[in-house]
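**Q** Here are the chains, one letter per residue:
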Amino acid sequence: MTTASPAPELSLRDKPGFSDLQGVTVEHGLNTQDMVVNIGPQHPSTHGVLRLVTTINGEIVKDMEPVIGYLHRSKEKMAEGRSYFQYQPTIDRVEYLSSFYDHYVYVTAIEALADLKVPKRVEYIRMICMELNRITSHLLWFGTFLLDLGATSPFFYAFREREAIFKLFEDITGARMMYNYFRFGGVNADAPPGWLDDVRKVINELPFRFDEYEAIANKNPIVMDRCIGVGVTSYQDLLDYGVTGPSMRACGVAQDMRKTNPYSCYNEVEFDVPTATEGDVYARYKVRMAEMRESIRIVHQLLDNMPGGDSAELRKLEKEHAKVAEEIAAAKKRVTVAKKNEEAPNAADVAKMAEKAPELPFDYRTTGQKVNLMVFKPPAGEAFSMVESPRGMLGCYLVSDGTPKAYRVKWRGASFSNLTILPSMMIGNLYPDLMAIFGSLDIILPEVDR
Amino acid sequence: MSDASPPANKADKTPADDAPEPIQHGPLGKALADKGLTLEALGDDAVGNETLGVACADLLGVAKALRDDGFDLLLSVSGMDYKEYRQSVTHLYSTKTYQTVTLKTDAGGDDTVPSLVPIWPAADWHERESYDLMGIHYEGHPDLRRILMPIDWIGHPLRKDYKEEDPRLVWNRR
Amino acid sequence: MNPYNLPNWFVWLHAQLGFNVADPGVQVLLVLAWGVTLFTLIAVVAKAAVVFMVLMERKVLAWVTQRKGPNRVGPFGLLQTLADGVKLLFKEDVMTPQQDKFLFTLAPAIFIFPVFVLFAFVPFTDFLFGVALPVGALLVFALSSISVIGMVLAGWASNNKYSLLGGMRSAAQAISYEIPLVLAVLAVVLFAGSMNLLDIVEAQRGPLGPLSWYWFYITPLAFIVFLISSIAEVNRIPFDLPEAESELVSGYNTEYSGMKFAMFFLAEYAALFVMCALTVVFFFGGYNSLLAGVALPWGGTMEATLISTPMIPMDGEMMPLGVWLQQTLHVPNLSWLLDQLEKISWMVLKIYTFIFFAMWLRGTLPRLKPDQLMGFSWKFLIPLSLINLFAVGVQRFWAYPNNSLDTLFNSITTHIPFLIVWAVIVFGGVGVFCMLMSRQLNAKTRKRFAAPSA
Amino acid sequence: MTNEPSKSQHIEAPADDNRVLSGLLEIGRGLKTVLSHVGREAVTLEYPEVLPDLSVRFHGRLCLLTKSDGTDLCIGCKACARVCPCDDLIQIEMHRDGDKKPVIDQFTIDMGRCIFCGNCTEVCPVDCIKMLPDFELADYSREALVLDKYDLTLKGEDADEWRRTHGLAPSVT
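Protein chains in written order, with our numbering: chain A, -16 to 433; chain B, 51 to 224; chain C, 36 to 489; chain D, -11 to 161.
Bear in mind the hints are in silico, worked out from the structure with no lab data behind them.
Just so it is clear, CB atoms sit at the ideal spot from N, CA and C, and this is done for glycine as well.
You can take every hint at face value.
Sample of chain A residues facing chain C (criterion: CB under 10 Å; computed from the structure):
1) S28
2) E42
3) L129
4) L130
5) F138
6) I199
7) N203
8) D416
DSS-like cross-link-like pairs, simulated, lysine-lysine; straight-line CA separation at most 27 Å:
9) A:K60 x B:K133
10) A:K353 x A:K302
11) B:K210 x A:K360
12) A:K360 x B:K154
13) B:K114 x B:K154
14) A:K306 x A:K335
15) D:K66 x A:K388
16) D:K118 x A:K388
17) A:K150 x A:K299
18) A:K388 x B:K154
19) D:K118 x A:K299
20) A:K60 x B:K210
21) A:K100 x A:K299
22) A:K60 x B:K154
23) D:K20 x A:K202
24) B:K146 x B:K85
25) D:K55 x A:K302
Away from chain D, derived, C-beta distances all over 10 Å, residues of chain C:
26) I184
27) F296
28) W333
29) V383
All chains, full assembly: derive it from the sequences and hints.
**A** Shown next as structure tokens:
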């Protein structure tokens, strides 16, 4: 930051079409000089360690180049030296704001490879976790986005609600952000008793809080002035840069993997895909706010239809089943070794009893096929699984050579692609628009650098 | 997960009674082959995405045909190191039919693969990453340089034979 | 002009001490001595006010976000700001070799000096003020615009690009917002007939109570324009562009640390205090009590304070509470003292109300962009204040054609034509203006929406 | 699976009404909403005085449970060390006594490098290595964060209490 400004190589008026900038007219008579500003790697609003080498003329951004890699922790290389289960905790750190999604793509890739069946209860718990995680991720986005615009209070409000949901995560996974909860073919542990009611309590409260957020921000003239018409992208731009997620839906395209390629049990729940047509910062804001409400709608349906219900009831059911199984075992034993002075039960009756014995439905279990995590080896093959993360399409390309360690794990982070569009959106806008535009893309640097 | 066709028939993977049949083209591969493009059918991956092997020379033609077929979103370009050779794997998504397709291109002896940037500009950073970490050169890429590693890094870390032998690296070894 | 005030008292004191105050040489010395005394007093008052304001800001921001705020140092965190101040005092004063050392050191001084001088102009009571000049209102704004030179210098001398941008922004902002600020005050001066701040305060005593203060009585527009411009003038959210922390890290004071930073910090809060004080003086009746000027049922009107208003029946006539207390307790000057205390209380209460409002705004609103900031001033506030000035001129001319200030609050009948003009001009003119403005804004919005989309 | 056009909920663009007046009203609405938070109970947790209410499953400091009589439960299978994502985080030294029973000589965990993932607790065949709801691990040196067997062991009654709160059979012999 302390170096002097370089001499201008290309004067402003030499650049064709520069005066056609949105809403900004440049006085051509002024002899101005470009200035290179290094925004980052440490900057309040780059949301991580991102460096944006920005050339500005006055307040107008003329050129921008993102420099990434400051947070590169070789997550893909780490997969080569670790077994599948050993690698799993580290992928929490790929995208730490919604790491259930990371786990979900990883786990589903392996389930597809090893052909593991997953009970419905597991899928429902996973979906609840993921949708709540989408809310926490969008809440953080909401808070930091308005903080970037300059409003301080919404940041705290968003964190307050986020904290309530994190408490739910802590109850079920033991951790607030680094969950390590999903397993191949199941989940780590069943939801604790009463957890479903806790979730219901929290999400019943949320819509009122969202109303408050919207009262503060939605129609605030300053928010509208800073967001409407800023950072407009066309659908073709987004395709060209591979941008997905809410940014794409803000362009009027209902591209949502949950609808278009329903994974898990998303075809069993009813929800809408919020879209807007303007494609500007404000449209992205509205889409994300609407998505949080849709997530609440999904979670409500999942809670109502949870196979097996609350785990307290499920435990009771399991106990009854265990009791019956014990009786049958005892009866079977008596068939073979009848005690003295005791009538041996009829072998046919016992067989009938065993036949009629209730079995816990597969859908009610929390693990499908038992997997020995120590020596787990999926067959050789490859899988590319995808999920609609809060930031867009998150993919995991997993190649297995049949050994306990993955041959290659490649992450398709949504933020990595979403970041590429930033320079083209920024050029010609004002420097403060950077915060609005960059904030609206909702980029998280750990996912970019991996 | 994301295919119009039912999930991959596992019969392709487990050896059948007799010698394994040559893998047949899926619907997409068949359509492309009908257009006169040279492709190798590699079956579906475990999730059910159709996989096509394309030679370097045919890649741009196949890519153009795929893009015209509606595969307008490039998801990722991954470099693969199979010790003897390098491979560039491209995942494409169609926002029209919601299908995913995988293109596999073996790099030649000099680790060179044609760049897909002219067809999908989104490939820019992905190919830079693949070059950076795997050392695959993308011919025709406008700006092929390191992206995640420092610009003066030696070697390509994701290769299987990569050793941390940069003498400048000093870190706390326990 | 009230001769019993602090400067005059200072002179009287020296006359009592044996100085020949009529001698011009002694007068020069007296002026210098008064300057030193005043600056010391102001430094103490301003710092005390700032220490309290910083804590108040942190507490208010904590309350609106359901937090507790500082509560570790001292009871309820009362000593938190002192602890912070001590910390800043002992911090290393970092300066890089690339910085212009002279200007870098000079900038905080230039920034803080005019703010402290402004304190001298604020009439806390009709006794307690530093100077009361006939051109007070003019000088106040002339002085307040000097501060911005300090900011620009700081931005330039830091040799930091964020600082430079912050400094340039502050210059642009100060130039833009001085104009509506002064235009709004011009309406006040037009009505009060004086630029002396004391006269302006005294002139706001009217039969309508708080409504005869200038925030309502001239037009609320002048007040709104002044309020917005004054918040912009002291760089508070939503106009805190020179130090926008999400864009420019900390703007013009990014490179400052230790005591130099503390001076910027102090001066910013002191400037907020002074601006709120001026708002009170110009528009909120200064030290007048809430009911000052209201007619009493037993004849006469309320005085500036409640305590000096004849309200206690005593020997067949009404007597002020203060006088009664003084007579009962046999304390000399008690009435005057209580009167002054009440005036200070009213003043401080009103000032802190506006300070609270500024903090409340900070908790709610986002920040504008520079082009919007400029546009808001040049396209909205300045035309609005011009309309307002015109309206006030017509009001003044029509309602009081003989240009006599005495008739201003004479009877309610004089208010009727005045109120009609007030309503027609304010609602009509401003309504039309707003319609035009929104049409223009919307047209711009529509054009922006026409940008490519799917 | 489905190629049907997805259902979408379209959000309208904000209406072009009078921006000046509605803007003022909306700022007022925002101010009101912000001020309405003043009376509410603060959510601040005054940490050193008030400890957070941690869940039963909280991923905190690792511990080694013992049998109810206080003897070692660990059988030295090193499963925990093998699934640990951090290299050499868990180190176990053991030998077998005359009856071929395992004797744990030393068991060290470097809490400074632990990422609290819980992998070790999941694979332990005898439910020995577990996690405590304790996050106050700060210390003055890195060496002090390397906990040995003595620091880790949770003795008889405490171990029983742990098992009771986590729904396991309380007494293990």
